[in-house]
Every structure is written in C-alpha cells, then in structure tokens.
Amino acid sequence: MTRYLVRRTLLAIPLVLGIATLLFFVINLAPGDPTQLMINPSMRAEVVAQMRANFGLDQPLPVRYVKWLTALVQGDLGYSYSYNQPVSQLIAQILPNTLLLSGAALAVAFVVGVLIGIVQAVRQYSLLDQALSFVALFFYSMPSFWLALMMILVFALFARNVWDWPIYFPPSGTRSVDFAQLGTWDQIVDRVRYMVLPVTSLALVLAAGIARYTRGSMLEVVRQDYVRTARAKGLPERTVILKHALRNALIPVITLLGLYLPVLFSGTVFIEYVFGWPGMGKTIVDAISMRDYPVVMGTSVIFACMVVVGNLIADVLYAVVDPRIRYE
Amino acid sequence: MMATRASIVLGLVVVVAACGRDYADGGAAAMGVETFCADVAPAVDAFVTRMEQERPVTDSARYGGTVVVASIGDLPDGMNHFASSNYSASQNQQFVNLMPLIRYDASIQPQPYLAESWEVDDLTRPSTITFHLRRDVYWHDGVRTDANDVAFTYKVVTDPETAYPNAAFWDHYVGGAAGVEVIDSFTVRVRLTPHADYMDPWTSVSIMPRHLLEGVPVSQLKQHPYGTQCPVGNGPFVFVEHRPQESWTFKANPAFPTGLGGRPYLDRYVFRVIPEQTTLLTDLLTENIDVYLGPRADQVPEIIRSEALDLLHSVFRSYTLVAWNARRPQLADARVRRAMTLGINRHEIVEAELRGYGVVANSGVPPFHWAYDPTLVDSLRYDPAEARRLLEEAGWTDRNGDGVRENTEGVPLEFTIKYNQGNRYRQDIAEIMQAQLDQIGVEVQPQVMEFGTMIAQISGEERDFDATVFSWVTEFKLDDMDLFHSSRIDQPYAFSGTRNAQMDRLLDTLQLVVDRQAAIPLWKEYQLLLLQEQPYTYFYFPERLDGINKRVRGVTMDARGEWVNIKDWWIPKEERRAAQRAAAR
Numbered sequence: 270m271t272r273y274l275v276r277r278t279l280l281a282i283p284l285v286l287g288i289a290t291l292l293f294f295v296i297n298l299a300p301g302d303p304t305q306l307m308i309n310p311s312m313r314a315e316v317v318a319q320m321r322a323n324f325g326l327d328q329p330l331p332v333r334y335v336k337w338l339t340a341l342v343q344g345d346l347g348y349s350y351s352y353n354q355p356v357s358q359l360i361a362q363i364l365p366n367t368l369l370l371s372g373a374a375l376a377v378a379f380v381v382g383v384l385i386g387i388v389q390a391v392r393q394y395s396l397l398d399q400a401l402s403f404v405a406l407f408f409y410s411m412p413s414f415w416l417a418l419m420m421i422l423v424f425a426l427f428a429r430n431v432w433d434w435p436i437y438f439p440p441s442g443t444r445s446v447d448f449a450q451l452g453t454w455d456q457i458v459d460r461v462r463y464m465v466l467p468v469t470s471l472a473l474v475l476a477a478g479i480a481r482y483t484r485g486s487m488l489e490v491v492r493q494d495y496v497r498t499a500r501a502k503g504l505p506e507r508t509v510i511l512k513h514a515l516r517n518a519l520i521p522v523i524t525l526l527g528l529y530l531p532v533l534f535s536g537t538v539f540i541e542y543v544f545g546w547p548g549m550g551k552t553i554v555d556a557i558s559m560r561d562y563p564v565v566m567g568t569s570v571i572f573a574c575m576v577v578v579g580n581l582i583a584d585v586l587y588a589v590v591d592p593r594i595r596y597e
Numbered sequence: 200m201m202a203t204r205a206s207i208v209l210g211l212v213v214v215v216a217a218c219g220r221d222y223a224d225g226g227a228a229a230m231g232v233e234t235f236c237a238d239v240a241p242a243v244d245a246f247v248t249r250m251e252q253e254r255p256v257t258d259s260a261r262y263g264g265t266v267v268v269a270s271i272g273d274l275p276d277g278m279n280h281f282a283s284s285n286y287s288a289s290q291n292q293q294f295v296n297l298m299p300l301i302r303y304d305a306s307i308q309p310q311p312y313l314a315e316s317w318e319v320d321d322l323t324r325p326s327t328i329t330f331h332l333r334r335d336v337y338w339h340d341g342v343r344t345d346a347n348d349v350a351f352t353y354k355v356v357t358d359p360e361t362a363y364p365n366a367a368f369w370d371h372y373v374g375g376a377a378g379v380e381v382i383d384s385f386t387v388r389v390r391l392t393p394h395a396d397y398m399d400p401w402t403s404v405s406i407m408p409r410h411l412l413e414g415v416p417v418s419q420l421k422q423h424p425y426g427t428q429c430p431v432g433n434g435p436f437v438f439v440e441h442r443p444q445e446s447w448t449f450k451a452n453p454a455f456p457t458g459l460g461g462r463p464y465l466d467r468y469v470f471r472v473i474p475e476q477t478t479l480l481t482d483l484l485t486e487n488i489d490v491y492l493g494p495r496a497d498q499v500p501e502i503i504r505s506e507a508l509d510l511l512h513s514v515f516r517s518y519t520l521v522a523w524n525a526r527r528p529q530l531a532d533a534r535v536r537r538a539m540t541l542g543i544n545r546h547e548i549v550e551a552e553l554r555g556y557g558v559v560a561n562s563g564v565p566p567f568h569w570a571y572d573p574t575l576v577d578s579l580r581y582d583p584a585e586a587r588r589l590l591e592e593a594g595w596t597d598r599n600g601d602g603v604r605e606n607t608e609g610v611p612l613e614f615t616i617k618y619n620q621g622n623r624y625r626q627d628i629a630e631i632m633q634a635q636l637d638q639i640g641v642e643v644q645p646q647v648m649e650f651g652t653m654i655a656q657i658s659g660e661e662r663d664f665d666a667t668v669f670s671w672v673t674e675f676k677l678d679d680m681d682l683f684h685s686s687r688i689d690q691p692y693a694f695s696g697t698r699n700a701q702m703d704r705l706l707d708t709l710q711l712v713v714d715r716q717a718a719i720p721l722w723k724e725y726q727l728l729l730l731q732e733q734p735y736t737y738f739y740f741p742e743r744l745d746g747i748n749k750r751v752r753g754v755t756m757d758a759r760g761e762w763v764n765i766k767d768w769w770i771p772k773e774e775r776r777a778a779q780r781a782a783a784r
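Protein chains in written order, with our numbering: chain A, 270 to 597; chain B, 200 to 784.
Bear in mind the hints are in silico, worked out from the structure with no lab data behind them.
Accuracy of the hints is not assured; some may be wrong.
Said to hold, decoys possible - What follows is a set of in silico ranges between Cβ atoms, one per label pair, in the way DEER data are often shown: (1) B:Glu585 - A:Glu315: 39 to 45 Å; (2) B:Ala377 - A:Thr453: 54 to 60 Å; (3) B:Asp304 - A:Trp432: 45 to 51 Å; (4) A:Arg392 - B:Pro771: 45 to 51 Å; (5) B:Ile503 - A:Trp432: 20 to 26 Å; (6) B:Asp258 - A:Ala449: 21 to 27 Å; (7) A:Leu338 - B:Pro241: 34 to 40 Å.
What the hints assert, rightly or not - Which bits of chain B does chain A cover? Going by a derived footprint, with three or more residues having C-beta under 8 Å, they are: (8) 286–295; (9) 386–400; (10) 415–429; (11) 466–472; (12) 570–579.
Even glycine gets a Cβ: it sits at the ideal position worked out from N, Cα and C.
Given these sequences and hints, build the entire structure.
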C-alpha cells in the first residue's frame, strides 16, 4: 500500500506541473494585464509601464515562466498584484474557510444521502420511497445559486422580519462582527449559525445525488446471493443491510466522493458569492478577472493537488470497504 | 537504488512544496512581512492601550457600539496610499485610517485637518504653499506625525518609479526633493507653478508614515505588507484586522486630537465585503449590516418601505458615458456623433434605469461644481428629426432601402458598442441605444465582454472598438487633459481620439487659470464645445444611493464621499448590537 501511494504521488508531480505550465501560458496570453485594470483617467502610459516594470511584467514570457517555476519548486507562490500580499499567505487565510464549508457540506451530504438511499432501497416502491425520490430529484435539478437565494429569503429575511421565528440565520459572512468579544461556547454557536445556510444549500444538492446513487447500488446488492445467504442463516435484518449489503453498495458511492472532493474545493463559487463566504472559488474567479496571475497560478496548483489527493483518498477507501481490492 | 530513493525524497519535497503546505514562508519571508508586522503590532497595542487609560470615555450614551458598512468590493490597495487607485480604499485612507493635510467642508472649501493652517505666497500666481501641521497628531504606534512625513510622502508620490496612479495631480507641481522643503518639524513648503484648483490634491493625498516606510525601494512600496496586513495610520480609527475578501476592522483612536473632535464616538467600524447585491439587501433588512453602499436603483423601494431603514442619496462625482472612437471613419464626423446623442432619449433612461435618481449629463462637470453651466442642462435633448437631418447633412442616407443609412461609397452606418459583463446599467444602455438608433437608420450591435479583455481592447494601441459604455469618477479638480487633448491621444484612456485645436487651447488654459471667476466663462466655452464635438455621449450623473439603518445617527454622505464624517457617527446605547444580543436572552 505504501509503495502504491508513493508511486501515485510521484506520478502526480509531472501532472501538477503540466497543468500549472499550461495554465501559466493560457492566463498570460489572455488579453489585458493587471495594470490595465487600475482604471483612472490620469493613469498615463508611462505610469502603466512603470507599474509593469515594478511587477516584473516587462520581461519576456519565457523568462517569467522560468522564474515562476524556480520559485514554485522552492515553495514560493509569488506575490499577489491585487491583494498586495504573498499568495501563500493569502491562500492560508482563504483555504480554511473553504475547507470548513466544503468539509461540513460533504459530511452532511454523505451522511444524509447514504441514509436516504438505504431507506429508499429497503422500502423500494413504497410511498416513502417515491416521496423521497421526488424530493431528491427536486433538489438535484435545482440550480445551487437559486436554492441559496431562496434559503436566504426564507431562513433569514422571512424568518426574522415576517414570521418572527425564534431562530433565524444571518444571510452572509462567516462570523458576527463582535465575534472576538464572545466567550468560547458563544463563538462556536456563532460560527455554526453562520455556516447553516451555506452548508445546507451546498449539501442538499449533493445529498440528493448521493441518495440516488446509494439507492441504485443498494438495490443491486440486496439481490445478490450472499445477502440472501446472510438472511437465510438468520441474521437480523439490520446486520444484513448495514454489514453485508451496505459495504458493497458503497463502492460506487466512493467513486463519487473522489469526484466531489476537488469539485468542492473549486466549485463552490456560486455559494461563496451568494453567502459572501470568502473562499477559494471566489478568489480564483476574482483573480482571473483582475489578471492577478500569481494568485491564479497559486490557487490552480492547490486545486491540482486537491484533485490528486481526492482521487488518492477514493482509491484508498476502495481497499477499505472491499478487502478484495489490493494495491501493490 | 540510492538514486531512486533520492529521487523519491526529492519528488515528495516538490509535491509538498507545490501543494503549498509550507504556507508560512516563501514570498512572505522575502518581503520581511513577518518582521514588519511583528515589529509594529506591539507598539500600536501599547500606545492605544496607554491612551485609552489616559483618556477614558465618560459619556457612554454616545460613545460605543460597532457600525458595519458593507459593499460588493474589497479595498484592494488597503491603507497604502502610494498604491491607491480604488475609490473606496482612498476614502478609507482619507477619513478612517490616515489623514490628508486638508479636507473639504460641505461647500467644497478647503478646511484645516492635519495642517492647521497654510499660506500661499501669491494668491494670483501661487508658487509655494507653506503648511503648518498640528502638533498633536500621532501615528498609531505613538510616533508624532511631523513635516518629515509630509516631505517623505510628497517625494514618493512624485517619484516616477512609484507609479503613483494619480500622476495628473503633480502636472504643475515641482516633483521630488526639489519641490519640498522641511522648514521645521511642523512646517513644510511645496513648490508649484500657478494652476487651477492647486489645493485639491492635498484633500485626497493621505500622508504616510516616514519612520516605517522610508528605505523601502519605492518600486516595492505597493507590495509592502503595510497596506493590507498591518497599516499604522494617524487618523480617527486604528487598524485591527483584515480578512481578505471578507472584512476590515478598525477601532476608535483614543489619541485623535481633541481639536479635531477627539476620539470617534464609535468603538469599532467594520467594512464588510458581500459580493451579491440581493444578499447585501437582505443583510441590511435583517440588520446584519448597518450601511449598504450603492444599492441598485431597483432595490430602493424595498429600502424605503422598511421602517428601520433610511435611504441617503446625493449627486455624486461619477458619470456614465458612451465613448465614440473617432478614429473610425463612420464616427470621425462630429455631426454623426451629435446625431447619436440626439437620437437617444437620455432623460427617459434616467427615469427608467435610475428611477429618477440621477441627472442627465452634458459634460464631465458635475451639477454641484462651481464650473457647471446650468443653462446647458437641456442641450441635445432627444430629437430624432434633428438627428436624421444631421446624418443626411453628413452624407449618410439610406440608399438601398434596407433601413440602414449608407455613405456615398455604400458603406453602411453600423457599429458595435462594447460593455462589460455583470453591469446591468451598461447593458441596458447598449440595448436601448440599439433600439432607438435603429429608428434613425443606424445599426448598432451591443457586444458584452469580459472586463479585462474589454479594457485591453479599448485602451490598447489597436483601439479595437467603435463605441463603449463606461463610467468615470472625477476629482473636484476637473482635468480632461488625458481624455481629450490631442497631445495625449496615445494615452490609455484617450478613448475618443478626437483632435480639435480649440479644445486643446481650452484644456491648456483651464488648467492654468487660478482665478475661478476668470475661469467660469472658459468652462462655459469648454462645455459648449463638448456639445459640438461629442467625443462622448454623456449619459448621466447617477445619484449615489446608500441604504442605512436608522439606529446609526449623525451620518453625512455627499459628493465628498460616504465616509466623510464617520468620526461623528453614533448609535444610541440601547440600540447597539451587544445591548440587543443581551436583550434577546
């Protein structure tokens, strides 16, 4: 297993570097550069030229590429033009937000999705199964930004201003402004309150998809001979489903996890925008529009690493749920 | 075997490095970030704590509370004035964290601020200004602000290597060390050649701390950690924390001079970034934020309906325009450009788009400005018949009956209007123009573009555009040199590329006339000439709209900006967040 992991990791190096190289040239060939976005009628040509020189943008592209690559190999992701701080530091400030949001959403989505999937498979064609299918499809086909806006409307605006509910949630942000003045317990409650809406918006859509997968895969497994054998030897239904059937049914779901992990790091742009959640998705989109090359490159390298790590985790989990799978 | 192992180890190192695990060092160490911030933070804490003890707050009915101001964008340059090209960032420098030498009062007259007085050697032909600084202004780390800070700031902003964005401020000042002289610790003199509104730059140039930034190569000042990580200002609010894309937190400066009103009423001021405007409105309605800067006009009814909120609105210094690329043959004739303006119902656009919160513009001179000519307000009003006549006169006639005019060579009168995505006002303008100009036989294609690409195309050497929808924010010192003077035709923002000798003469003269009374007729002539020449079709000055929670008292927002008197904002004790939180329990 260790050898396998090392081999996979080593194979990932050229992949990550290749992606980064491709991105470097693509973003640098896009029209415009960071100085052109500092719009001021008196931004004269000579000021722009000086600013480009200060940024090192006056050097030829291949020279900049070699410099960037040399720095990257030394762990230096460069300096952001629009945030005026080192990219590594910026990512260190932003990444925890994303990990918190996507980690929580992923956990909720998988727990809820798998549970619903099991219930549906066990009670196939029952009224409950059909109702859950309907609900799952409803959320699955909903655009996440629309769902997010509706959540804000219902659980923030209407809950507080119209229906006067005892509990409502803040529409945006990661913590209240007087967070620093709160006690530890209140701080935890505060953070959770701010997470509820974005995590739910993100998790609902994912859970719906996971439930569909789990249901399908469970239905296939419960018809297998070994499940029948388990039932025949008199095991309680709970053990049959959770121990014998579920473990095998989870294999395709784990593939899903491998695919979702990187998407969650990069693909939460809408949720981040709507909930004003300062995360990686919004950072990279803003950096592209600001032509902040170092930030684009830095975040892309991180994403590429996430994809590799996500797939690696999925592969390891295969072996965990299915003892027949061995990596040499 | 050894080689394999070594390569595995090396490979792992590369992956770990490339995956960014090693966040703490890298570029940060190279820039001295850690030492800079680690050095200044304890000094600021110590000074502020000491001053808080020395000057305790007595009137708790007014002093205290936190105000949250939110907007769709971050403050990209932070509190680093040397890099400042962003409106909100500049405002926060001027009124929150730093101090310019002077400030405007509501009637746009210069008033003392960091400088308690100043002398101009000759009011009709000024060649030096001598500023006398206050002696009771301290940087937030306890060092006194003095004339050396002013001289340092002046030398940096006039140094070409700094790439200071507002280069036009210094066109008629003597740059560098030759232009500034420290007379004594609190007196400083700058040199200039006589020109119009020469005091104006001093209202927006925030003075920067010499003791912290001298010695940093000027070309690297923009990237110095001072700006976004540990600014040390001297203004009414002390920097506490910056979370990128999320918030800036400031607290009251207990050492702010009593002569300038002393400590601000608010304990803390938080600037939040919320990129989605629907969320912003909900945040305001649910009192998660106190001030929503720049709501869309269509959100105004919701704000007005709410009992807890007020809408502040006033005409601002920005204007929206369509720039015509006169380098294009079909747009080279001023009569054609004038016909375009006459063919568009701008008053209707102000009513429909801005719900009346705006004024039709005919030049870049804002309606409240002393140089504004109110008699021209109704010029070039919607008149399709006159537009058609002008086009006929210029030789554009529909010769083949397809509804689009052609010239004698059969070239149709058609062009594209570029606008950036994500700006609904600009999209609507382009689409309304398409519909209305079609009525006078002109074919217009609106074309949406990614912002960076559009800027590259309209400001690059190629000038790859026919027309573009755009906006400018002007200073109080008006200066269209870089937009319309023929000697600046290759500058990035000389969109129109028109050449007009009279315009050149006026622009040259207007910059130099010191006496306003003598300048007014020239400004009138200039505004008349713009109506003739139409390098732009000026659309409107939109009113600046701000949604604000009524619990925040004492707020003034006008053409000077939104933060102009933030020092005097206050929240009654029982309406503060902490009080509400306690009451909810």
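Against the structure, the hints come out as follows:
About 42 Å separates the C-beta atoms of B:Glu585 and A:Glu315, a value consistent with the hinted range of 39 to 45 Å. A hinted range of 54 to 60 Å holds for the C-beta pair B:Ala377 and A:Thr453, which are about 59 Å apart. Taking the beta carbon of each, B:Asp304 and A:Trp432 are about 47 Å apart, inside 45 to 51 Å as hinted. Range check, A:Arg392 to B:Pro771: about 58 Å between beta-carbon atoms, so the 45 to 51 Å window is missed.
For B:Ile503 paired with A:Trp432, a C-beta distance near 22 Å keeps the hint of 20 to 26 Å intact. One distance hint, 21 to 27 Å for the beta-carbon pair B:Asp258 and A:Ala449, holds here, with the actual separation near 24 Å. The given range of 34 to 40 Å is respected by A:Leu338 and B:Pro241, whose C-beta atoms sit roughly 38 Å from each other. Only when three residues or more bring their CB closer than 8 Å to a CB of chain A does the claim for the region 286–295 of chain B stand; here the count is 0, and the claim is violated.
Evaluation of the coverage hint for the region 386–400 of chain B: breached, as 0 residues show C-beta separations to chain A shorter than 8 Å, against a requirement of three. Counting residues of the region 415–429 of chain B whose beta carbon lies closer than 8 Å to any beta carbon of chain A gives 9, which meets the minimum of three for the stated coverage. With a cut-off of 8 Å between beta carbons, the region 466–472 of chain B has 4 residues touching chain A; three or more are needed, and the interface restraint holds. Here's how the region 570–579 of chain B fares: 0 of its residues keep a CB closer than 8 Å to some CB of chain A, so the rule of at least three is not met and the hint is violated.
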